[in-house]
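Peer 1: For the sequence shown, the positions run 613 to 874 when our numbering is used.
Treat the hints loosely; a few may be bogus.
[What the hints assert, rightly or not] Pair by pair, the computed Cβ-Cβ distance ranges are:
#: 1; residue 1: G845; residue 2: G677; range: 17 to 23 angstroms
#: 2; residue 1: T681; residue 2: R622; range: 32 to 38 angstroms
#: 3; residue 1: L849; residue 2: V655; range: 18 to 24 angstroms
#: 4; residue 1: A628; residue 2: D693; range: 21 to 27 angstroms
#: 5; residue 1: P624; residue 2: A695; range: 34 to 40 angstroms
#: 6; residue 1: V655; residue 2: G750; range: 25 to 31 angstroms
#: 7; residue 1: T673; residue 2: D757; range: 32 to 38 angstroms
#: 8; residue 1: D637; residue 2: G762; range: 40 to 46 angstroms
#: 9; residue 1: L849; residue 2: A689; range: 30 to 36 angstroms
#: 10; residue 1: D679; residue 2: P723; range: 43 to 49 angstroms
#: 11; residue 1: P726; residue 2: G861; range: 31 to 37 angstroms
#: 12; residue 1: T844; residue 2: G677; range: 20 to 26 angstroms
#: 13; residue 1: A628; residue 2: E729; range: 36 to 42 angstroms
#: 14; residue 1: T673; residue 2: A717; range: 51 to 57 angstroms
Keep in mind that the hints were calculated from the coordinates and are not lab data.
All values reported here derive from a predicted model rather than from experimental measurement.
Glycine residues also receive a C-beta, built at the ideal position from the N, C-alpha and C atoms.
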Amino acid sequence: MGAHVVFDVREPSLLALQVVAANDDGASLRATLDGAPVEVREVRGPAPFTRQHLVECGPGTLEIGYDATVRPGSGAASTVDEAERILMLRPSRYCPADRFTGYGASRFPGPDAPALERLRAITDHVHDNLQYVSGSTGPTDDAVDVLLAGQGVCRDYAHLVVTLARAAGMAARLVAVYAPGLFPMDFHAVAEVEVDGVWHVVDATRLAPRESLVRICTGRDAADTAWCTTLTGVADLRDVVVTAVADHGLPTDDGDRATTLS
Numbered sequence: 613m614g615a616h617v618v619f620d621v622r623e624p625s626l627l628a629l630q631v632v633a634a635n636d637d638g639a640s641l642r643a644t645l646d647g648a649p650v651e652v653r654e655v656r657g658p659a660p661f662t663r664q665h666l667v668e669c670g671p672g673t674l675e676i677g678y679d680a681t682v683r684p685g686s687g688a689a690s691t692v693d694e695a696e697r698i699l700m701l702r703p704s705r706y707c708p709a710d711r712f713t714g715y716g717a718s719r720f721p722g723p724d725a726p727a728l729e730r731l732r733a734i735t736d737h738v739h740d741n742l743q744y745v746s747g748s749t750g751p752t753d754d755a756v757d758v759l760l761a762g763q764g765v766c767r768d769y770a771h772l773v774v775t776l777a778r779a780a781g782m783a784a785r786l787v788a789v790y791a792p793g794l795f796p797m798d799f800h801a802v803a804e805v806e807v808d809g810v811w812h813v814v815d816a817t818r819l820a821p822r823e824s825l826v827r828i829c830t831g832r833d834a835a836d837t838a839w840c841t842t843l844t845g846v847a848d849l850r851d852v853v854v855t856a857v858a859d860h861g862l863p864t865d866d867g868d869r870a871t872t873l874s
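Make a model of the complete structure from these sequences and hints.
Peer 2: In structure tokens, the structure reads:
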């Protein structure tokens, strides 16, 4: 799996990239500007499983490359600590959960129902009420915009799941992943929701099997997990190619089975 990205940098710029698999300890991100190597600095945190790489360069053609072989599911399932539970229950930029309390109360099982039953109801609702349409939403659209439009892409599905889960009192977070089996291939976004002290991964798009997903980074929403952020300067994206292949075939996924992501 990996990614190859090309930018046209128009002035001195600083970019923050999140394309390296979280459990790839020997990761090497390559960067060149007009063919000459550029320094890449690694920064860890603050969110769990988050690793960013900073690239600072002048004008020119910037190419970023990353390739790795990673085994999905290597490592223990992620447990929920108290501090993160509090953070992931709060509304965030793209997940305004405080605006959905009444909406969810009339549509989903209440707090007395089993947590997995509540999570399945939310995931099914998002899957059934959104249409996957590439390019249908923009970088500023939040879960309210997505619900009203009735369409979106992977991050919009994940944002709506996270929002509805938080509105129901369930801690939830967004995860950027590599997703073997996804078509068309791209960076992918899914949701993790707390069930009995463990983060369970759900994908309301149902476009790729969850057991083959490889975590890149984790956060409150896409503001934390964007694969690239231009912190200063101007860098226009020219091309991006993402690859994610399962060596031994893809597992089946009915969308309902409890699944965790290491």
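Peer 1: Run the structure past the numbered hints and jot down the numbers of the failing ones, going up.
Peer 2: none
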